[in-house]
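Trainee: Note that the protein sequences, when read in sequence, are chains R and Y. Numbering-wise (this note's numbering), the first sequence opens with residue 1 and increments by one. Numbering-wise (this note's numbering), the second sequence opens with residue 1 and increments by one.
Because the hints were derived from the structure by calculation, they are not lab data. Backbone N, C-alpha and C fix where the C-beta goes; we use that ideal spot for every residue, glycine too. Each statement offered as a hint is correct.
Here's a subset of chain R near chain Y, in silico, CB distances under 10 Å, partners left out:
(1) F20
(2) G49
(3) W79
(4) F82
(5) E132
(6) D133
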Amino acid sequence: MIRFLEYLAVFLLLVVLQEFVFDNINLGGVVNPYIYIMFIIMLPLDTPGWLLLLLGFGTGAAVDFMSGTPGLQAVSSTWLAFVRPAVVGLLLGKDLVYEGGIPTAGRVGTGKFLRYAAVMVLLFNIPFFILEDLSGGGWIIALRIVLSSVFSVGIIYFLHLPFVHTQLKV
Amino acid sequence: MLKLLLFLKRIHYVLLFIALETIAIGVFLHGNIYQKARIAGASDRLVSGIYDKIADVRGYFGLRAENDRLVAENARLKSQLSARLYADSLPARADSSTGLQYYQYQPARVVRNSIGKRQNYLTVDRGKLDGIEPEMALVSDDGIVGYVIHCSDHFAVAVSILNTEEFRTSGCIKGSDFAGSIYWDGLSHREVVLDEIPKYAEMKVGDTVVTTHYSYIFPPELPIGTVASFEMVNGTFYKVRVRLFADLARIRYLYAVRYLEQEERRALESTVGNAEVGALQEGGRP
Numbered sequence: 001m002i003r004f005l006e007y008l009a010v011f012l013l014l015v016v017l018q019e020f021v022f023d024n025i026n027l028g029g030v031v032n033p034y035i036y037i038m039f040i041i042m043l044p045l046d047t048p049g050w051l052l053l054l055l056g057f058g059t060g061a062a063v064d065f066m067s068g069t070p071g072l073q074a075v076s077s078t079w080l081a082f083v084r085p086a087v088v089g090l091l092l093g094k095d096l097v098y099e100g101g102i103p104t105a106g107r108v109g110t111g112k113f114l115r116y117a118a119v120m121v122l123l124f125n126i127p128f129f130i131l132e133d134l135s136g137g138g139w140i141i142a143l144r145i146v147l148s149s150v151f152s153v154g155i156i157y158f159l160h161l162p163f164v165h166t167q168l169k170v
Numbered sequence: 001m002l003k004l005l006l007f008l009k010r011i012h013y014v015l016l017f018i019a020l021e022t023i024a025i026g027v028f029l030h031g032n033i034y035q036k037a038r039i040a041g042a043s044d045r046l047v048s049g050i051y052d053k054i055a056d057v058r059g060y061f062g063l064r065a066e067n068d069r070l071v072a073e074n075a076r077l078k079s080q081l082s083a084r085l086y087a088d089s090l091p092a093r094a095d096s097s098t099g100l101q102y103y104q105y106q107p108a109r110v111v112r113n114s115i116g117k118r119q120n121y122l123t124v125d126r127g128k129l130d131g132i133e134p135e136m137a138l139v140s141d142d143g144i145v146g147y148v149i150h151c152s153d154h155f156a157v158a159v160s161i162l163n164t165e166e167f168r169t170s171g172c173i174k175g176s177d178f179a180g181s182i183y184w185d186g187l188s189h190r191e192v193v194l195d196e197i198p199k200y201a202e203m204k205v206g207d208t209v210v211t212t213h214y215s216y217i218f219p220p221e222l223p224i225g226t227v228a229s230f231e232m233v234n235g236t237f238y239k240v241r242v243r244l245f246a247d248l249a250r251i252r253y254l255y256a257v258r259y260l261e262q263e264e265r266r267a268l269e270s271t272v273g274n275a276e277v278g279a280l281q282e283g284g285r286p
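All chains, full assembly: derive it from the sequences and hints.
Mentor: Next up, the structure:
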């Protein structure tokens, strides 16, 4: 129960931060960080698949609701939850999955964590920015994906530092 | 049967993913402007309420700049007043119920605004109870900002000029009669495009771009921006990049404008099958 409340608090905090802080960031018209997906990135590694999918869908739907973009975030966030087990298996190793706990730079190493976060952010941003601007030009979309991802990974790394020494488990 | 159940259990992850993603894509594809407005309206009380408070606090820090702006605007309006009132060379209407006033202005404050997306909206803190209705224009003293699509009692959601899909209006180079359509291409929040200006039009960089008389929503001759650059397309028309006067990122106060004869004009023009013309000028909206 306590665990549940902790995750709920983190969830709410991220959705509120996204809506009131990060949605207002627009550097040079190309950098739009979507930080709330950190919730999906940081879920315990042994989270069951069905819960992961539901949470992925739920986070996206919550941000959609707040920002008035029906479906736009949910499409990409559900997709992100779907591919997470594969990314975790490939980049962090199967052993960690059995151990459970949240993936942090402290547990998996800074380099590995950054690589994991970068791949996850890219996997979200690629469908997201394409869907957001279906009629847009390829180059500008590519630029937005790359620059926004770099920015997002940096922010997610800093936001996750408080969790480095906690041992959150389900 | 058992085998089937086992099989379903094995692929339940993929099935659940497909189910959820189908819902999300369905909502995304069928989410039109009115649903977006409804969602924006539903999260209104929550989100706009908080933005309202944030705007309250931020308002204090901008008081001085806001004051300066208002004084400057007042001065300009005073100097225009005498010239404006009777500048129309046509005699006054027979029925003078509205007199020479075609547009009604009322102030509103922006409580929520985005410029970072492709489909940007803004929320103002005036709603139905204040007489705001869909299809009213939002203008700042620097020019057009958007138009209202949905109102709750205390708030209204508007399509920003920075909306690649839902914002279209007509514009022309000040002093010329050639009109084109104004839209945003999503590149910079300081620039919009004025497209399909006939090749016979004359213009130069720095010319002022204003709204036309064609719109059901925006008053005519409102400033939009200045010509930043232009190119000939296919040798038939000009595509002009217009630098906006208004900095949409910093907009805080604006006016909601009611076109008093909007209904009458729309009804009349639709009777002669001219509705397409009107709709075209406004970008295909009904």
